[in-house]
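Colleague: Chain order of the listed sequences is G and L. Just so you know, numbering that gives the first Met the number 0 puts 238 at position 239 of the first sequence, and the rest follows in order with no gaps. Just so you know, numbering that gives the first Met the number 0 puts 22 at position 23 of the second sequence, and the rest follows in order with no gaps.
Derived by calculation from the structure, the hints in this document are not laboratory data.
Straight-line distance between alpha carbons at most 30 Å, and here's what the computed DSS-like set of lysine-lysine pairs gives: (1) G/Lys218 to L/Lys34; (2) G/Lys233 to L/Lys57; (3) G/Lys238 to L/Lys13; (4) G/Lys223 to L/Lys76; (5) G/Lys218 to L/Lys17; (6) G/Lys331 to L/Lys13; (7) G/Lys223 to L/Lys71; (8) G/Lys233 to G/Lys223; (9) G/Lys101 to L/Lys34; (10) L/Lys57 to G/Lys218; (11) G/Lys328 to G/Lys107.
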Amino acid sequence: MFVILRTILSTEKTNYSQMKDIKNTIWVPIVLLPIWFLIYHNLQSMTDWFIDTALGMTKGAHLTEALRFFVFEFPKVMLLLTLIIFFVGIIRTYFTPERTRKALEGKKTFTGNVMAATLGIVTPFCSCSAIPLFLGFVESGVPLGVTFSFLIAAPMINEVAIILLYGMFGWKVAAIYVGTGLAIAILAGWIIGLLKLEKWVEPWVYQTHMGDSGSEEEKLTFAKRIGLGYEAIKEIVGKVWIYVALGILVGAGAHGYVPEDFMAALMGKSAWYSIPLSILIGIPLYSNAAGIVPIVSVLIEKGASLGTALAFMMSVIGLSLPEMVILRKVLKLPLIFTFIGVVGTGILIVGYLFNYIF
Amino acid sequence: MEIKILGTGCPKCKTLEKLTRDVVEQNSIDATVTKVEDIMEIMKYGVMTTPALVVNGKVEIKGRVPSSDEIKQVLTK
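With the hints as constraints, model all of the structure from the sequences given.
Modeller: Right, dumping it as structure tokens:
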């Protein structure tokens, strides 16, 4: 990690005063990183010591195990979040929407869809920017379908969700989530492109003339990028910690008290209707990824199948009512329904696929 | 000096507006601060990520909320 930091540093052309600036910003993560690793890797033993020795609780009792679950999971997830959001925050300063748009201009469909979906993961995106982003893309000649690939991938493949899935289920499930999310975004965008739905875009979109903000990219020093990494921690972790806490609290409660197969009948493999039902329930539910992943982990623990739980999660994150309302400004209703239909079908297929494989 | 804050009304845009007004007031900078919420107007500046800070028609900062110090730098340079 230090090697990476150093190589990035050396490639930045900086003068002496900026260099000093960087040193001041950079020593904090360098000091904190070893502490982070120390805590992260000893968390289980620290938790056990706290529960069994310090509190002297009876091993195996419901309350003990519920408490153990929370005391272990919450710091673990927060540690992972803080570290990764920091690096994601820095990486994202290199992927501005302007650059993404430039990369997508005049791209053929499919290649364009693949690129758009991939860039959707790394380009910073907030749903309040969805409209200017949409206009900006369409204006500069990015095909509608390619724009959709981006708009689907950006919220659905969420960095917080990836981290949490990794933390609670391991890298395989996290990779499955990213892979299937990408596939849905690519294919859904491609299909929307094939359907030639431009007529369902509000006409004023094509009449808007976008000014030039100056092609000059804002030049950021590396110190400023690190600063933006901290900003990302403050903004994202500051916003989601409460959802993480609540989610894990529900998880902890369920851990000791709810019977193992509680969800099996409703969300198990044998219930074929459970996937479409989960998707439908997921659309109006709007939670950020941070709140939904701990809930999903409880669902799975209590007998829900992986495919159904993943479908539910993707529906909650990827198909959100507030975003539809925002997009309504630029898209006519039939296009919004097509969007929901295509993405929903994608999630449906993913759900059945995973129930079939696992 | 003419300062415009571009933003559709998200929390970050409000933060930027407040910060900018504070900086202008504290340093008694001679400037008018206006908030631009109309999406068509915003697009004229070629901005895809809100909020953005526009000074005398030039987009200085976009897509993030800068610190007060940075705003001061931009306004006094």
